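K.L.:
Work out the full structure: start from the sequences and follow the hints.
Residue numbers (the working numbering), protein chains in the order written: chain A, 1 to 1030; chain B, 1 to 501.
If you are wondering where the hints come from, they were derived from the structure by calculation, not from laboratory data.
It is possible that some hints are incorrect.
Here chain B is said to cover these stretches of chain A; the calculated rule only asks that three of the stretch's residues, wherever they fall, bring their Cβ under 8 Å from a Cβ of chain B [said to hold, decoys possible]:
| no. | stretch |
| --- | --- |
| 1 | 209-223 |
| 2 | 421-433 |
| 3 | 555-563 |
| 4 | 673-680 |
| 5 | 817-824 |
| 6 | 924-932 |
These numbers were taken from a predicted model, which means no experiment stands behind them.
Where a beta carbon is used, it is the ideal one built from N, C-alpha and C, also for glycine.
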Amino acid sequence: MNPNVYQFRPGRWLTFALVFVLVTHAAWAQTISGVVRSEGDMETIPGVSVLVKGSSRGTVTDLDGAFQIEADPGEVLSFSYIGYSTKEVTVQSGLTNYEVVMESSMSDLTEVVVVGYGSQLKREVTGSVQSVEGSDLMDLPVPQMTQKLQGRLAGVQINQTTGQPGRGMNVRIRGQFSIAGGSQPLYVVDGFPITGDIATINPDEIEDITVLKDAASTSLYGSRAANGVVLITTKRGKAGRTDVSLNYYTGVQRVPHYNRLEMMDAVEFATFKKEYFEAEGRAVPEMFQNPSAYEGQTQDWYDALLQSAPISNYNLSVTSSTDRMNTAVVATLFDQKGVVMNTDYQRYSIRLNTDYKVSDQVKLGFNIAPSYVFDNTPRTDGDRGVGILFNALHTWPNMPIYDEAGELTYYNRFPGETGNIFAYPNWLRSAQEITNETKITNLLSNAYVEYSPIKDLTFKSTINAELRGQQYFFFNPSTATNAINRPIPTVAMSIRETMDDFGWLNENLVTYRKSINDHNFEFLAGYTNQYFRRELTRVQADTYADDRLPTIQGAININRGGTRSDVQEWSLTSLLSRVNYNYQGKYLFTAAVRGDGSSRFGMENRWGIFPSVSAGWVVSDENILNTSEQVSFLKVRGSYGVTGNNNIGNYTQYALINNTVNHVFNNTVVPGAAVTSLANPFLGWETTNQFDIGLDLGLFDDRIQFVYDYFNKNTTNLLYNVQIPQESGFGSFNDNIGEIRFWGHEFAINTRNTDGKFKWTTNANISFNRNRVEALAEGIDRVYGLAHITQVGQPFGMFYGLIKEGFYMNEEDLANSPVVPGRSTVGSAKYRDVNGDGIITIGGDNDDRAIIGNPFPKFTYGIVNEFQYGKFDMSITGSGSYGNELYMRHLYSTANLDGVFNMVRKVNNRFRTPENPGDGIFGTTVGGGNVTGVERDWASSHFVFDASFFSIKNLTIGYNAGAWAKFIKSSRVFASIQNLYVFTNYWGGQNPETSMQSSGEGDGGNLSQGVDLFGYPVPRTFTIGANLNF
Amino acid sequence: MKRINIFIICLAAVMWSCEDFLTITPETNLSTATFFQTEADFQQAVNAAYAPMRNIVNDRMWLLSEMRSDNTMYARNILFGATEQQEDLSDHALPEADGITTNVHVLNQYRLDYLIIARTNQILTTIDAVEFNQQSKNNIKGQALFLRAYAYYELVRYFPHAPLHLNPVTTRDQAALPLSSHQELYAQIISDAQEAIPLLPNKANQDLGRVTSGAARMLLADIYITQNRWAEAETLLREIVDSGQYQLIPEFENVFSETSGNKNNIESVFEVQFLEGPEGLQGNFLYQFMPRPISPNELRPITQTSNTEPLDGQGNNVPTPDIIEAFEEGDERLDVSIGYVDLLGSLRENKTYPYIKKYAKPHSLHNIHGMNWPIYRYAEVLLFLAEALNEQGNSGEAATYLNMVRNRAGLENTTASSQTDMREAIFRERRVELAFENKRWFDLTRTDRYMEVITDFGQRARNDPMRYYYPSGATFRNHAFSNITKYYALPAAEAEITPHF
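P.N.:
See below:
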């Protein structure tokens, strides 16, 4: 151990102290100098106060962290600084230069966490909150903040449903969701609940992230808080110092080969076709008469779309803080190509945060954060005919990608007797020639003034504004298409969509603190107004004379159905208040309430009140436990509160007229108008009542910190478009209905496993979330999804279909089993006759469907290990999910036993004859679609597979190169692998986190979640990077 | 206490001031609060009441009527998964239990009829409270009454009973009503049709494509004929003939609408309007009627589009060998009504398929055409009149009207003279004259011949599936022709959410 570097260890300290008391008796007073660094990054810390204990001598470290002070040997120097544990060093005789390393006070009593409309000492927090520091996430080479959080938060399930850059993150806090109101939490950036996409926020700007989970923590966000709240604080300068840092990483992304969905190669496919025709008693087309001729000839269409793709991030930040002025500038360029060809994602962002102290009473601040995102992603995701990856996956492996001249083919179609009923366009052309780009300009800004007329009384007024412009441009030239069976040349088509958002928020807050003896009060009241407006214009045009001019005027047709304009607006007025009270910091109590009035709510139901109460008891402060050496901290806490979800649409309370129900008279268009929805003046927010009880425990001087929470929530008044009989002329009625109960247990543990030269810390969490539908609308006990049911008494959105029991193994089996009339044969799928009527029926009154699977995990977990050895550091992050199932929807096409498409390799082991029944997954091909359709077209357990996984999200190894040049304060280089490995038994694709809807636009919604349509792969990314601090 | 009062006053002031801030009405939609207040509003409302007719004739009606009869059928392409929903209709194997069926086409037809009913109810219950030009008001009311009667008339011919809605639904609890009997439904239909006749202008004085007094008389005559009220039907039909508004077009091939020309011609009593072009008001029924799989080269001569695309899947509404045989020797209507196409992609040895040619008119773009769909033609007025006369014993005069239709088709006068023979002659004539115009099934049900005719047809077809467009080795399903019924069961999706069935 370097004798100049002191690690704060109480036990050893005592020994030192004793020795020094003896040795330093006769020492001389001397000038001590040194430098103070922070643990970990070993950066110098300016502004640290240095005191000689028991004297009035003191100083402050300068901008380089250096200090000089007069002290006698044996005297104790005390170093203190906000955010760090106070450190004491005894002056040794003859040693005048000290390097003092201060440890961050993560576990200290003084740690402060950001909470709604303020901050609080962590030890006094009575709700369930969890924080992550931005610096902990820096090395992860992914562009979205939510990607970086995977595995780190207890009770927060974060799934990456697609690998499309900048998209597809599904965040669910405490399992919360609703039927129509979404499950994404409310993101609050520096106090502003943003309306734009969190994916466009540059994670390099983030100082820390706090997730509010229980109702006591979230109720101040009222009608928007039911899905949980994520508070994001952006970077500020650190007191008394200026930091310039340059961070860079670059790397390459690849789609790994392990665990890819195995499709037939050309030989296997030709063999299948040969056997197929032979089994049908039909002539084998010449193409398939000699399958072995295809040896080495396989065209892997999926792999041909993939590429190794670069990724880089350049970040420069300057933070500076003086007495009166605090400034932070963060500029980042993120540049990513995708692993599917022609994918581009770039983000340019700058943030400028400034706080200015006018006087001791008045403080001003301005933040402004412009950003620009360019995103071009081919139509990779979605169902057959929509997503080119799904299409390419099962294109015939004997269809040529390139023609003899080495040019990409346009499309492939073999003669009808080969069973090739679809023309397949060349998917590489689809990827390369179709433009599908989105450009987003985003401007977040806010300004505030804070006035403290007297100590502890503060008025704060803020104005926040958000501007967002999104331009979408799609152009499908005549030479390519993303649909199966559209001949080339096709009709060229363009879509232009412009979305302009403008939102503002004004908040006026007053806080007042008062302590009377040991009674500490904090009072908050506020009045806020928020407004949002979105204008959308969309023009769809087709039939272009020239592919090189995809302008609107270049089109012969304007497509009326795809052309429209729209305005969406909402407003929200709120009153809020909170009281914190504690006695000796030991008995804690908080009550909060928010009243929200919203333009979205019906006229008869305009205001919602969202109260909460919580209490905590720091048991470890009681004398009874002070004797316990092991327990360093123990707090029990409980809360109850009400929150809402106002994602109910802007105009759902109105009966709308559709003025475009046009018709034709005199061979010209005449305008028509019809009432298309029913009004509900009582429509309101969804209400969640949540109870939480938790425990924070620190053991062995907080070397082990443990947090446990149990919660129970009831969400009622869910917004649902209740189906009504259409004899009324209407399909549905917007109403608040039903009840879903959510409950769960969350455990999080942080441990410092070893100290000293080799440091090892572990953060681990595990969450068990459950839900159950308690009620739906009157007269409605179920709602169907794609292959899903939401039914009273069951968890939400369960997979629903027939129960496959195997195949009819022989004639006898067929004769003695329930069958599908006219369709069942030996070797065809055999389903359970659930209603016992002897006939297999899907849907209707004789339905044999049942619940066949559960998309929800039994538990999710995450683990982060960090190691430090001298100048080396390493971290490894994993996240996992157990017991969740996926609906392998693509099998309806990738295992089409009529040989219409290429098939998954497992079809090789299909049922052939009673003597050769295969491995029980796929049935006979004999009988054509009438027989095979029962297996592929009917929702059943055939499609449901376990998708439990454990994913090593990231491995990073770093080296602290220190200050190797005069102007460099510290430096570090690192190498990392993102998405190192996924352990799973799921075989339908590489991403067990997937969930997709047919259009490929986002996940399947809560009614139809967990559907695998073979979307964009999540790449493995190898990066190297460097951080330089000046 | 005083402070609290001030606080409450402040709070009230804040709440009151923000009522304005919190009231946001949709900018890009009108709502019921502001609509149905002017003549123009009602004009638009009645226009929208026609709109579901396009969906009905383009997508549903031929499935539920023509393809259910022995005129057309589902032509199985075994390269594709079966589409049972259509197949079940064509081969009379609908799943049905307790008067409920899951068939999606039955469901959609039902819903489309009630969409017309809801839109017309909205007009009829609110129009009288708004002051505007009486003539215009009468015209709108007449159209709404016709459309409501027409929609209910479809329902009574498809279903054994149905709910009777006469008021617009505004809340959730008004949505479902108990089932009404045919007697109740017919009473309303007849009263609406009777009321519509004097309100509507004749064809010369009406926008082309809107219903007229002639159309309303024809609708009422149709209803009376279904109810065997021959004399009342005769009166109405004679009024149409005497109106001078209609004539037979000399050449049968010129009777049917083209994509933009020959619409609402002199023979047309009422037809559903379509428009070719980007307005979204086009039809594509021609494509739905094509046997499949058909390649662009095979399809192009029929549609003559510039961007022909292949059509896959199952063939629907493909003429049966029976309807082809039903045409007499020398009947000019055969070649106008039915064409042939060779499908190389078919798995049948005989790759020649018939298709419905009546509506196959050239147009510019694939899957977009503007041909109107005939609901009532003057030829049918004449055949109805012949039938009404014959049923009243006036077979001689009946022959006059029957022969007008036969002669136009290049056929000699009928040889029938007895009432029974004449009845058969008219029945046969209706089949070929009105082939693929969705009349055959209703002729079979109103005369109660559906069981006998379809049972025979089923036997013929099952005995020779290759003749009925199956490839060798394939045939009808085991339960084909096992559920031949006069009416459809009510749709399951509706049954699930109404307390009444």
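K.L.:
For each hint, tell me whether it holds in the structure or not.
P.N.:
Against the structure, the hints:
1. 209-223: violated (count 0)
2. 421-433: holds (count 3)
3. 555-563: Coverage by chain B holds here, the residue count being 5 at a Cβ distance below 8 Å.
4. 673-680: holds (count 5)
5. 817-824: Since 3 is at least three, the answer is holds.
6. 924-932: Coverage by chain B holds here, the residue count being 4 at a Cβ distance below 8 Å.
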